Amino acid sequence: MLVEMQNLTIAFPTPQGMSQAVRGVSMTLGQEKLGIVGESGSGKSISARAILRLLPPQAVVTADVLRFDGIDIKTASERQMRAIRGRRAGLILQDPKYSLNPIMTAGSQIAEAWRNQKKGSRREAAEAALDLLSQVQIRDVRRVAAAYPHELSGGMGQRVMIAMMLAPDPELLIADEPTSALDATVQAEILRLMEDLVSRRGMGLMLISHDLPLVSHFCDRVAVMYAGRVVEELGAGELLHAKHPYTRGLLECLPTLSHPKLRLPVMARDPAWLA
Amino acid sequence: MISVQDLRVRFGPVEAVRGVTFAVGEGSSFGIVGESGSGKSTVLRALSGLNPDWSGRMTIAGTALTPKRSRDFFRRVQMVFQDPYGSLHPRQTVDRALSEPLLVHGIGDIDRRIRQALSEVALPAAARFRYPHQLSGGQRQRVAIARALMSEPEVLLLDEPTSALDVSVQAEVLNLLADLQDRRKLTYVMVSHNLAVVAHLCPMVGVMQGGEMVEMISAEDLRAGRTRHPHTADLRRLSTELEEA
Amino acid sequence: MSASIDRTWLLSEAPASRAQAAWGRRYRLWCDFRANPLAMGGLVIAVVLVLAALFAPLLATYDPSAQELANRLATPSAAHWLGTDELGRDVYSRLLFGGRVTLGMVISVVVLVAPLGLAVGCVAGYFGGWADTLLMRVTDVFLAFPRLILALAFVAAIHPGVTSAVIAIALTAWPPYARLARAETLSIRNTDFIAAVRLTGASSVRIILRHVAPLCLGSLIVRVTLDMSSIILTAASLGFLGMGAQPPSPEWGSMIATARRFFLDQWWVPLIPGIAIFVASLAFNLLGDGLRDVLDPKQR
Chain A
2 MLVEMQNLTI
12 AFPTPQGMSQ
22 AVRGVSMTLG
32 QEKLGIVGES
42 GSGKSISARA
52 ILRLLPPQAV
62 VTADVLRFDG
72 IDIKTASERQ
82 MRAIRGRRAG
92 LILQDPKYSL
102 NPIMTAGSQI
112 AEAWRNQKKG
122 SRREAAEAAL
132 DLLSQVQIRD
142 VRRVAAAYPH
152 ELSGGMGQRV
162 MIAMMLAPDP
172 ELLIADEPTS
182 ALDATVQAEI
192 LRLMEDLVSR
202 RGMGLMLISH
212 DLPLVSHFCD
222 RVAVMYAGRV
232 VEELGAGELL
242 HAKHPYTRGL
252 LECLPTLSHP
262 KLRLPVMARD
272 PAWLA
Chain B
22 MISVQDLRVR
32 FGPVEAVRGV
42 TFAVGEGSSF
52 GIVGESGSGK
62 STVLRALSGL
72 NPDWSGRMTI
82 AGTALTPKRS
92 RDFFRRVQMV
102 FQDPYGSLHP
112 RQTVDRALSE
122 PLLVHGIGDI
132 DRRIRQALSE
142 VALPAAARFR
152 YPHQLSGGQR
162 QRVAIARALM
172 SEPEVLLLDE
182 PTSALDVSVQ
192 AEVLNLLADL
202 QDRRKLTYVM
212 VSHNLAVVAH
222 LCPMVGVMQG
232 GEMVEMISAE
242 DLRAGRTRHP
252 HTADLRRLST
262 ELEEA
Chain C
2 MSASIDRTWL
12 LSEAPASRAQ
22 AAWGRRYRLW
32 CDFRANPLAM
42 GGLVIAVVLV
52 LAALFAPLLA
62 TYDPSAQELA
72 NRLATPSAAH
82 WLGTDELGRD
92 VYSRLLFGGR
102 VTLGMVISVV
112 VLVAPLGLAV
122 GCVAGYFGGW
132 ADTLLMRVTD
142 VFLAFPRLIL
152 ALAFVAAIHP
162 GVTSAVIAIA
172 LTAWPPYARL
182 ARAETLSIRN
192 TDFIAAVRLT
202 GASSVRIILR
212 HVAPLCLGSL
222 IVRVTLDMSS
232 IILTAASLGF
242 LGMGAQPPSP
252 EWGSMIATAR
262 RFFLDQWWVP
272 LIPGIAIFVA
282 SLAFNLLGDG
292 LRDVLDPKQR
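These protein sequence lines are chains A, B and C, in that order.
Going letter by letter, the first sequence gives residues 2 to 276 in our numbering.
Going letter by letter, the second sequence gives residues 22 to 266 in our numbering.
Going letter by letter, the third sequence gives residues 2 to 301 in our numbering.
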């Protein structure tokens, strides 16, 4: 198992006392595509970040088990964590504008990520960067490699970001809303690309998103989170058979082209879901 | 109610909007869809008076619009922005945000009007003296809608009003917008990248690409797939693909 | 306000009035500020210094200009807590009254400079175009002069004294505030919430005064507090060079100046006002650092 998580809780201090953001989440991830879906504040992002120990310092994290490829994250040294972050596990964020260094060309950022791990020569790194860019299906690799982040479109920037994360041959890719800032046409391309890379390289993918139909389209399994808990776990084709009223509500309140509704059903949040 | 003819907007050497023409009847809704950079938001900003550098002809209720708008125009035309986190002043309470339009237009009876506006957008009275950071995204967007309604406008310009919201909140806000339109006979122009959202609220949809409106299509034809322009067909396919899953 | 003012009232998530909401926000800022011990230290020292200066007539043990030539350059003792200076005046009392002059100068400068800088910066940033160019070039001209040299030239041209020192320092101190306010305004100007206010039909004056300026205030207060120490130093430097407060009125800078020839033998005489300057500067710096942590919008 790549990731094992049992009974994870995360709390943040506030002036009114501790606020529980994640309340007992358990999941496992092998070489597969796991989607985590939930609305803002459901704890989906921070649960995933806990695996890389990338939470703000005031967060209080407890777990019965929290392991990455057998390494106990709770007791791992900062040095061990550095060996995991960005090498064995990559993180792709929503907006490439903020994740890429604005004063380095795309090519040199990828080359640097590659050299950090592979210790090759500059020339080899530059070659590897071009190769990685072509793997993320960029046609004009030399132009993109020489471009600065602000000269790239959102979709291009996200491809560069993915190429950078792929440079050290990671075993796990965590993508936190990787396509929310992108147009629908580009969104589909990027997801298909990630899907393809993950299955070809035999990596694990954790795709975090608020878009349930989108995620279930691309993932093998989907975990639906609500208020810091996983309320339901579904296989890829089982979306229509979702049982939990929250999951059903998420699907029903979407306006669709194919089934017009005069009025959108509104979710009635049952306090019992919190229990 | 609204008519736009051959609208052109230029940002330096780039023509962002290249001759857009459409009309919206009173009490009706018109949707504009397109990808980022298609010029859809630019049309809305030119209409609202936020961007004075345009050419062409725009009228609202028969009055031709000039680059500089009168105070009366701002009473009759209001706008709701995409990002509810950015469209409310971070240091002003809901109460202050809602009273501002009344003070500017010299409308009295502030206390009653604010209480009424809060109940109209289904916000609890307790939210009145909160700061934006104490509200959820959906509540903020309700405040933004209430603020736009304070001066009792006839036209509401909606710039991606739900795209920053969770889907369950999106449904609530879309229902609210539909109810308000019914009750107040408002005219909407809504911009969005989401075809399903636009088609839900607007009987007529304009599809924009590269600064031009490549197709005008009724929501009905759009649902049925009777598209004429390949870009519209592309957008429709992407939107329905996931619905079928 | 019928409810009693306590913690729950202040931290209420559903305030019942504008005042409660505003006080609640301030209380939360205060809680954040209180959590920083260095900043609290700075605040306490600054408050003690200001109070000491205000109540100098009550706290002083001697008349600050009363000379006792038989008892010159005395070491600190029970009678003269911090010793006496070259004319036998009580250093402790002079220090208290000197605080009035020095801190008074600093506060006058700030009161003159901060609103001016804020106004210039907001107007330049909000309107842009030629107004921006004109105001910023004027700012650049003032920014180009070294502060102390311009102040010296200005004071020398009129006549040395506290008033002209204040005006001189103010003249050279406002440009950074204008720059800061302009930078803040530029980032605020294009936000959606300002666009929304423009769409209500509000006038530019109203937008600047009620919506833009209050947001610039936070970083301006931080900057002013951090600048206090350098204003104290400039005021003291002018005093030291004989261009500020004139004898016999006690001022920390001029106290060092007149006592500097005794530095080797009666070192405590010039050292004590030096310590006062150091402590005051440090206190304002710590205070400013703490305020930046709670007020700076970029860090929230």
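The hints are simulated quantities; they were obtained by calculation from the structure and are not laboratory data.
Nothing here was measured: the structure is a model prediction, and the numbers come from that model.
Careful: at least some of the hints might be erroneous.
Cβ-Cβ distance ranges computed for the label pairs, FRET-style [unchecked claim]:
1. R138/C with Y106/B: 23 to 29 Å
2. R39/B with V267/A: 27 to 33 Å
3. R138/C with A254/B: 53 to 59 Å
4. V112/C with A147/A: 52 to 58 Å
5. L144/C with E262/B: 27 to 33 Å
Ideal Cβ placement from N, Cα and C applies to all residues, glycine included.
Against the structure, the hints:
no. : hint                           : verdict
1   : R138/C with Y106/B: 23 to 29 Å : violated, 36 Å
2   : R39/B with V267/A: 27 to 33 Å  : violated, 40 Å
3   : R138/C with A254/B: 53 to 59 Å : holds, 56 Å
4   : V112/C with A147/A: 52 to 58 Å : holds, 54 Å
5   : L144/C with E262/B: 27 to 33 Å : violated, 59 Å
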